[in-house]
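Please build the complete structure, drawing on both the sequences and the hints.
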Amino acid sequence: MTSPAQRPPLFRSGDRMIAGVCSGLAAHLGWPVKYLRIGMALATLAGGAGFVFYAWLWVLVPTADEGARRAARPPASPIAPAVSSPSPAANGFARAGGPPSARRPAPWFTGGRFQYGKELLLGAGLLFVAGILVARQLGVDLPLGTLIPAAAILGGAAIAWMQLDETRRAGLVDKTKADQAGGWVRLGAGLALVVAGVLVMVSGSGSWEQTWLALLASVAVLGGVALVLLPWGLKFWKDLETERAGRVRETERAEIAAHLHDSVLQTLALIQRRAGSEQDVVRLARAQERELRGWLYRDQAADSGHLADRIKAVAAEVEDTHGQVVDVVSVGDTAMSERHEALVQAAREAMLNAARHGGGAVSVYLESSDTGSEIFVKDRGPGFDPEAVPKDRLGVRESIVGRMKRHGGTAVISSGPSGTEVRLSLPAAAAGQDERNGEGRP
Amino acid sequence: MNDAGTARDAGTRRSVRVVVVDDHAIFRSGLKADLDSRIDVVGEAGSVDDAIRVIAEQRPEVVLLDVHLPGGLGGGGREVISKSAQLLGSTSFLALSVSDAAEDVVAVIRAGARGYVTKTISGAEISDAVIRVADGDAVFSPRLAGFVLDAFGTSPAEIADDELDRLSARELEVMRLIARGYSYKEVAKELFISIKTVETHVSAVLRKLQLSSRHELTKWAAERRLL
Numbered sequence: 527m528t529s530p531a532q533r534p535p536l537f538r539s540g541d542r543m544i545a546g547v548c549s550g551l552a553a554h555l556g557w558p559v560k561y562l563r564i565g566m567a568l569a570t571l572a573g574g575a576g577f578v579f580y581a582w583l584w585v586l587v588p589t590a591d592e593g594a595r596r597a598a599r600p601p602a603s604p605i606a607p608a609v610s611s612p613s614p615a616a617n618g619f620a621r622a623g624g625p626p627s628a629r630r631p632a633p634w635f636t637g638g639r640f641q642y643g644k645e646l647l648l649g650a651g652l653l654f655v656a657g658i659l660v661a662r663q664l665g666v667d668l669p670l671g672t673l674i675p676a677a678a679i680l681g682g683a684a685i686a687w688m689q690l691d692e693t694r695r696a697g698l699v700d701k702t703k704a705d706q707a708g709g710w711v712r713l714g715a716g717l718a719l720v721v722a723g724v725l726v727m728v729s730g731s732g733s734w735e736q737t738w739l740a741l742l743a744s745v746a747v748l749g750g751v752a753l754v755l756l757p758w759g760l761k762f763w764k765d766l767e768t769e770r771a772g773r774v775r776e777t778e779r780a781e782i783a784a785h786l787h788d789s790v791l792q793t794l795a796l797i798q799r800r801a802g803s804e805q806d807v808v809r810l811a812r813a814q815e816r817e818l819r820g821w822l823y824r825d826q827a828a829d830s831g832h833l834a835d836r837i838k839a840v841a842a843e844v845e846d847t848h849g850q851v852v853d854v855v856s857v858g859d860t861a862m863s864e865r866h867e868a869l870v871q872a873a874r875e876a877m878l879n880a881a882r883h884g885g886g887a888v889s890v891y892l893e894s895s896d897t898g899s900e901i902f903v904k905d906r907g908p909g910f911d912p913e914a915v916p917k918d919r920l921g922v923r924e925s926i927v928g929r930m931k932r933h934g935g936t937a938v939i940s941s942g943p944s945g946t947e948v949r950l951s952l953p954a955a956a957a958g959q960d961e962r963n964g965e966g967r968p
Numbered sequence: 022m023n024d025a026g027t028a029r030d031a032g033t034r035r036s037v038r039v040v041v042v043d044d045h046a047i048f049r050s051g052l053k054a055d056l057d058s059r060i061d062v063v064g065e066a067g068s069v070d071d072a073i074r075v076i077a078e079q080r081p082e083v084v085l086l087d088v089h090l091p092g093g094l095g096g097g098g099r100e101v102i103s104k105s106a107q108l109l110g111s112t113s114f115l116a117l118s119v120s121d122a123a124e125d126v127v128a129v130i131r132a133g134a135r136g137y138v139t140k141t142i143s144g145a146e147i148s149d150a151v152i153r154v155a156d157g158d159a160v161f162s163p164r165l166a167g168f169v170l171d172a173f174g175t176s177p178a179e180i181a182d183d184e185l186d187r188l189s190a191r192e193l194e195v196m197r198l199i200a201r202g203y204s205y206k207e208v209a210k211e212l213f214i215s216i217k218t219v220e221t222h223v224s225a226v227l228r229k230l231q232l233s234s235r236h237e238l239t240k241w242a243a244e245r246r247l248l
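As given, the protein sequences belong to chains A and B, one line each in that order. Be aware that the first sequence starts at 527, since it is given in the numbering used here, and climbs by one per residue. Be aware that the second sequence starts at 22, since it is given in the numbering used here, and climbs by one per residue.
Treat the hints as calculated values from the structure; they're not laboratory data. Heads up, the beta-carbon is just placed ideally off N, CA and C, and yes, glycines get one too. Hints may be right or wrong, so weigh each one.
[To be verified] A few chain A residues that face chain B, going by a derived Cβ cut-off under 7 Å, partial list only:
#, residue
1, Trp-557
2, Tyr-561
3, Ser-744
4, Val-747
5, Lys-904
[As the list claims (entries may be wrong)] Distance condition first, Cα-Cα at most 20 Å in a straight line; then the derived SDA-like pairs of lysine to any residue:
#, chain 1, residue 1, chain 2, residue 2
6, A, Lys-838, B, Thr-139
7, A, Lys-838, B, Asp-71
8, B, Lys-206, A, Pro-943
9, B, Lys-210, B, Arg-228
10, B, Lys-140, B, Lys-210
11, B, Lys-140, A, His-787
12, B, Lys-210, A, Arg-906
13, B, Lys-104, B, Asp-71
14, B, Lys-206, A, Ser-941
15, B, Lys-206, A, Glu-815
16, B, Lys-206, A, Arg-906
Take a look at the structure:
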């Protein structure tokens, strides 16, 4: 995002004591965090300047996450893949997931650093109270009538404002309802504290009776105002919701339009230009179909980098290079490992052979379970005799059979007049023989 | 999947009466041209409401039904089947789709379709599939077989908690072979059984797919927002 000479933008950092202002500022200025924090604390002692500055930054500076969202770039543009690149899986749909999860800030109250900070704050508050008590003991006359309400207002406001912090809100969405209820309780407690503090301050006397009356009156007034404003408030809220829903729809539509433009229209243009070559047209159409399918039906939850995805990517690559349809059906999935990479490479070799010599569509079936993974690659070509393949031909012997053996798996090739099938089986690590190996023997 | 029907039925039966339901006129005419002489297209429809009307009028043996259709309550092919349910005894539905999504496919199957084929298969293959459905058999594409294996699990029945909830070892074998791209004839040869037996197994699997309340199936369906 920045060239080295530039300063990183000012964001509130996820590595925080209170709200990440100091560490964000430190990153922005390139100064050590410790000094900034000490400086901020010293400035607070100087008539509260540091406190005000901190609060001001807290309110106005976005977190790194919000900043990233604000600066969200337009979607990457996958161009017609058949002509540009052999692996469209790589250039397509990375944007679907939103900002990478690694950048999510730690939830407000569970972040390790902050728990520490909370205790610090509590300790400071207790020390402050203790100081006041000691001072009273020593006979210093402190204006308690002003101090306590002021402390109440400050505390209440802090509690309520924490609710409004964006990161906290994001955290709330993720958590359970119970926590949201907790949020409301905190908001209510904050409000009550502030109201009580203001009342006591305004009434100026510590008289309980008077305060009680004033409290009742003000609650009644507040209730009346709320009653009057409620319909407007609701309407405003509803408008806001509709507008937001509309915006979401609009964004979705724009994304679809962008995708169709970048991929489908480009492909259609290419097809028109190459209408003469049947093979090119078929290849373009098939590649576009595959991309669109991936975009429309992709399981959002599925992690890429798993076996099924790798096999599909390899099949797509074979399809592009040989212009032969390769259909992949997969059942179950498993995480990749070095051994699975060998399985993928062996399967790729089998698909290449099938596309080269088979003629017609190639069927690939992948089944993964706890006991292991099996891949079947079938074509409908004239078939060949595996024994008759010359010893020096590396394709089948080395890339498929040998590779599978080296990684503790097996490869069986059966060929007949109605086609050839390669069966690759890789038992789960150290599970010994795959007992389902004998299934469907010829 | 392109041989059993031809071999068995060639010349022995009259043509099958078919209604084609798809919202793209180009696709309908292309399909009509592709279907061979054993198929007699007696009606066409392009929306849910048209389809229900034409099917009720024509009483075809087989309906070639697109999964995604405009009109009606927005239920597409599934809605057509459920609203023509009183005809299910005499009319069979063969789902036809460009969609790979499990929810689309399994939804029409559970509504009562006898099979599912993708729109990319050849005219001869579609014709065979129509004949097979007209004979009361089920038509499984490799992908549908894959969905079934996904939903029912790949280990054979051990504890028969409910007969509908698991596939037998034989049915699993058949499903696996179909998923691997074998035709019914090849499956029969591979397992040393007759094509008729293969068809019986496939029909049994179809019934289980339609009727099972298997926990995994409902969970699987719910995850994909089927229910």
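Consistency of the hints with the structure:
no.	hint	result
1	Trp-557	50 Å, violated
2	Tyr-561	52 Å, violated
3	Ser-744	50 Å, violated
4	Val-747	49 Å, violated
5	Lys-904	5 Å, holds
6	A:Lys-838 with B:Thr-139	18 Å, holds
7	A:Lys-838 with B:Asp-71	39 Å, violated
8	B:Lys-206 with A:Pro-943	14 Å, holds
9	B:Lys-210 with B:Arg-228	24 Å, violated
10	B:Lys-140 with B:Lys-210	27 Å, violated
11	B:Lys-140 with A:His-787	24 Å, violated
12	B:Lys-210 with A:Arg-906	16 Å, holds
13	B:Lys-104 with B:Asp-71	12 Å, holds
14	B:Lys-206 with A:Ser-941	17 Å, holds
15	B:Lys-206 with A:Glu-815	30 Å, violated
16	B:Lys-206 with A:Arg-906	14 Å, holds
When held up to the earlier numbered hints, the structure conflicts with 1, 2, 3, 4, 7, 9, 10, 11 and 15 and fits the remainder.
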